[in-house]
Amino acid sequence: MFAFEFMRHAFAATGIVAILSGLVGYFMVLRGESFAGHALSHVGFAGATGALLVGMPPFWGLMGATVLAGVAMGLGGRGTTQGRDVTIGLVLSCMLGCGLLFLHFLTTSATRATALLFGNVLGVDRSMLGWLLVLGVGCVLAMAALSRPLLFASLQPETAEARGVKLRMVSTIFLAIVAVVTAECVQITGVLLVFALMVGPAATAQRLTATPGWGIVLSVLCAIGAGWGGLALSWWTDCPASFWISALSTGFYLVAGAWRFTGRRERIDAA
Amino acid sequence: MSGHDGHGCCGGPPAPASPAMPPVDMAHVTLRIGDRIILSDVGLTVPAGAFVGMLGPNGAGKSSLIRAILGVVPAAAGRISVFGRPVGRGNHDIGYLPQFPARSAPRLDGRSFIAAALHGERWGLPCDWRPGRHRRHDAMEIDRVLDLVGAMHLARRPIDHLSGGERQRLLLAQALLGRPRLLLLDEPLASLDPHRAREVVALVDTIRRQLGIAVLFSTHDLNPLLGVMDQVLYVGRGAARLGTVDEVVTGPVLSALYGMPVEVIRANGRIFVVADGVVQS
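Going line by line, the protein sequences match chains A and B.
Take 32 as the starting number for the first sequence in my numbering and just add one per residue.
Take 2 as the starting number for the second sequence in my numbering and just add one per residue.
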């Protein structure tokens, strides 16, 4: 299957996005902000279709919309987006509606909409791959600088504030990173299935280990496993890759849950 | 900057903290949260090494006062100083135990939870992911605070498997990071049964004597603190009174602070404050 260039591109793109999603997703789940990431992807849908409408590349419309929305969420919040699920849910459906409206005016074929909604990993070309890599490296570097205050602010916001951590700034920078990663993830799984790479592996990791270091390692490994496993299965079964990625991600989560309930709990807790 | 001892970190203001200065000194302080006046023209001094219990009706502003001493909430008027220096965030002389939040406990072990707080205000990777010497240094500091609160055995267990009392121990360990000289404990006895409450008070008192630090301990019930605290600070209706239990916990003083007739009943070494026919503590 590696004889074809589009498959090599697909594997490379999925690898980059899986590493990012596993890393950033771990903090999203820890902070209880997984729903916020989901909402960002829907905002991105409106951005992408809006960009198509004015003749711009959809990736940049997507990225612009998610980053703007992420920064707005961060600045508007009190350092956390917890407990705002109604607002987030409303924005989410409104943006999906806007995207639908833009599509209606576009009158292009339904493939474009399907690719945005459910991903088109086999359509990743060389220039897109370059952008995924450049933005990905940027996100990893930003996370390296942010991870310490982010972890402190996520676990103990009151103490962090007293120690001089600027909660709103940390939250806003983090949501901007989440926005970029979401836009990258949409290229693989589509708007509707970003949970599969951003939340599933991180939630699985948090079921398996109680330390952040191992949690992030496991989260990244699960994301790569789901991403590459999904691509391979899609090659062999001729089913959509996004289906397999989401199925594997959910499968990992369920298996991790079963693992915890089968008497091996103590050993995992000691790890 | 090693910052391991927490003192004099981050360049610091011109006036260095002096050990002779009182842990908390307030002069003509007015504290306002929105339209509500928490304190109005209050002056008080917490003496060095003292165990001060802070009491007051619900919503009197005990947490706000603690946050003002931390520098998170600015005073509307007057001056608050901590060891002679004006208040400000990131003061390493203060250890802080916030009210345990209602949000669900993360599935992390106690050691990771404490490690996240160690120099967590700086940029970069979390301290337990750094290489070599730094990590050993940080590991020793975490061991030290875990040992102080007797929570070594809790360090590897996920926090969501711990009881309320065990969590308070870990939070207390976290507050002791960086060798603070003043502990601000916000309702550490909330949702603990009387037996556990006594244990936490005894533990705080032992640590205070061992390290020679001052403690400000807010609570709903003053009885677990009797015999341990040196002074009591009552907050209510914009006023505050600091003094010994015998000076402050009396009918006339509390009636003025509550703004209603209050009776103080002493029985079997316990004190009951009866406000408007309802037993408060």
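None of these hints come from the bench; they were simulated from the model.
These numbers were taken from a predicted model, which means no experiment stands behind them.
Glycine is no exception: its CB is placed at the ideal position from the N, C-alpha and C atoms.
Errors might be hidden in some of the hints.
If you only want the chain B side, here are some residues facing chain A, beta carbon under 8 Å, derived [what the hints assert, rightly or not]:
id	residue
1	86
2	88
3	97
4	114
5	121
6	124
7	127
8	132
9	133
10	134
11	156
12	163
13	166
14	273
Here's how the hints hold up against the structure:
no.	hint	in the structure
1	86	violated (15 Å)
2	88	violated (11 Å)
3	97	holds (5 Å)
4	114	holds (6 Å)
5	121	holds (3 Å)
6	124	holds (5 Å)
7	127	holds (5 Å)
8	132	violated (13 Å)
9	133	violated (15 Å)
10	134	violated (17 Å)
11	156	violated (11 Å)
12	163	violated (11 Å)
13	166	violated (18 Å)
14	273	violated (32 Å)
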